[in-house]
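Chains A and B are the protein sequences, given in the same order. Residue numbers for the first sequence, in this note's numbering: 1 to 377. Residue numbers for the second sequence, in this note's numbering: 1001 to 1259.
Warning: the hint list may mix true and false statements.
[Unchecked claim] Cross-link-like lysine-lysine pairs, in silico, DSS-like; alpha carbons within 30 Å at most:
id, chain 1, residue 1, chain 2, residue 2
1, B, K1032, A, K34
2, B, K1212, B, K1130
3, B, K1078, B, K1212
4, A, K34, B, K1130
5, B, K1029, B, K1011
6, A, K34, B, K1212
7, A, K34, B, K1048
8, B, K1044, A, K34
Derived from the structure by calculation, the hints contain no laboratory data.
Listed below, chain by chain, are the residues.
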Amino acid sequence: MKPTNNQIKLFTPATIGLLLVIIFGAYTVLMRFKMGDIHTNMQDDFPWGIWIGFNVLGGVAMAGGGFVTASAVYLLNMKKYKPIARPAILTAFIGYLLAASSIMIDIGHPLRVWHPVVMWQIQSVMFIVAIHVLLYTTVLALESSPMFLEKLKLDGLKTIVEKIMVGIALFGTLLSVLHQSSLGAVYLIVPYKLHTLWYSSILPFSFLVSAVMMGLCMVSFLMILSSRFFKCSLNMDILTGLARGALVTAAFYLLVKTYILLSGPGLSAAFAGSMESRMYLLEMSVGVLIPLFLLLLPGIRNSLAGILLVDILVICGVIINRLNVSIFGMLRQAEEMGVQYSPNGNEIIISLFMVAVGALLYKLAVKYFNVLSYEDV
Amino acid sequence: MEASFLVDMTKCIGCRGCQIACKQWNGNKTDKTKMGPKFTNPVKLNAKTYTNIDFFESVNGDKLTYDFARNGCFHCKKPACVSACPVSALVKTKEGSVIYRAERCIGCRYCMLGCPFNIPKFEWGTVFPKIQKCTFCHDRLLENKIPACAKTCPSGTIHFADGIENNLKEARRRLSENPGKYFNHIYGEKEVGGTSVLLLSSVPLDQIGYQKVGDAVIPDLTWKYIGGIPAVIGMVLAAGIGSWVITRRNKNMDKEDNS
Ligand code: SF4
Ligand code: SF4
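The shape of chain A in the complex, shown without the other chains:
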């Protein structure tokens, strides 16, 4: 990968599209804070919608690539992956910033978002989640700081940060393991509400494993996209390495999911023909079975198009999983209470707004900082 910063054009059709979404979204966010709660389809018997299900759960899972790469490079000393450390960590940083902002938009009292920090309630998974979002976002800021510091010519500070990078990476890995799993633990509290296809005491573990799988694919996906949009060269060696990692994780994840299915409702539940079983089969085939099959074929595992396809499948599959846990799997109980949920326009536009902001931030970072061309080992 060579420095290509100046070749990246600021205004492309894609960027203008992003800006449009951002303008609409910003207006909606403004209204949300001005009028309290703009109208959404969240309601008493369905208190969490897609802001939690898609932006927070999906965004954090997407950021899984950050800690996987950081531990590979800084703890396991796998030098080969050094070039992707910066983009992976930056992606995670942006993902966490967005998840944190989505939480701010979602909760009723954004100005009290600091309360958990001083009002410890260690029985609450939500408390665990809140503390980890805070700490890990800080760690990600530190982990990605060298590229900002070098731009600001603060070399002294940069050297200090790089000296303690191993420690930071270790702490970050610890926080990530806990945070990814605690998002699954959030749903341990709903044994009677969440459909048995997903409810399980090992939900935290399954969230962690799927985040690793998605993280690997997300990093690889971004590399391929960057090579296309930002015209930097691709390192096929790294891509196949990531694909091999994804293969191993996906195989393990399949075991975890099989255990959940068999120890819970049993195989027949997956083929019951209900809405839930269809969503379950969709999640499993898109996110696990088809990618696993494709990755087992060396021809696909070593081809750019094949890897791209697998990446997209896994990313979609894990997002479907998060939506299944947070929304589709909860609809049945809501129906028993006589309510329905599907996101309304306001919810969708704010969700898209978050994604667009993330994409734009990434692009700006790539343009103005040394993200993709960092090769010094």
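Following the hints, position chain B with the ligands against chain A.
Showing chain B with the ligands alone in chain A's frame:
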């Protein structure tokens, strides 16, 4: 004092006096009356309605009969909502009530998700929304007064006692002295680990809208995860430091080889 209700639905006459007393004592506004398929009004609990009487109509031969159900917080012994709240805005008091301290709440609504009976309600569409739920008239309990709904109930449906044990004894007495009158189950004795509000009815309770829940204490389910965190921290640190030391030694050996 440890407040407890024994709610005997066979005694209820559907007058909704408890609903009105509750609204008056808590200063909650009324809802616009809506025509629904049932006589229940308001149709559901909401941020202004902590309790309501649910009307279930059935035809027995040529007779129309009503079964009533009283909805409201069960004031669980080990409340899921309390364990869910990250800032202890919800607490179980020594008086037995589960109360809400608005000034702490961040509005995350995890309590709503966690409560197996969907009791906490949210003031949707307001600038500074609060959670709203039955307080067991905690302010009255502190003055040694019984909750407003129990005080009002003309038919003795809502029976107040100091101590859950006393109400359990009373419930068992009613069940054994009136064979055939009741569906033989005390709802709340074992549900979610036991609740301060106990229910008796002549029909199976899930027929009149009560959730089918197990006996597991819900906070224990999440505690299994949280309690395991120290072990996870130990494992990750050991694995992380271990692999770092090993790979570093390899690196140093590489260097020596090169020189
Ligand atoms: S019924 Fe729900 S709101 Fe009431 S104490 Fe139990 S968990 Fe909390
Ligand atoms: S909404 Fe308020 S009371 Fe409910 S869990 Fe969140 S902070 Fe606690």
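Open item on the list: I'd like to know which numbered hints this structure contradicts. Please list them from smallest to largest.
Closed with: Violated hint (a single one): 6; every other hint is consistent with the structure.
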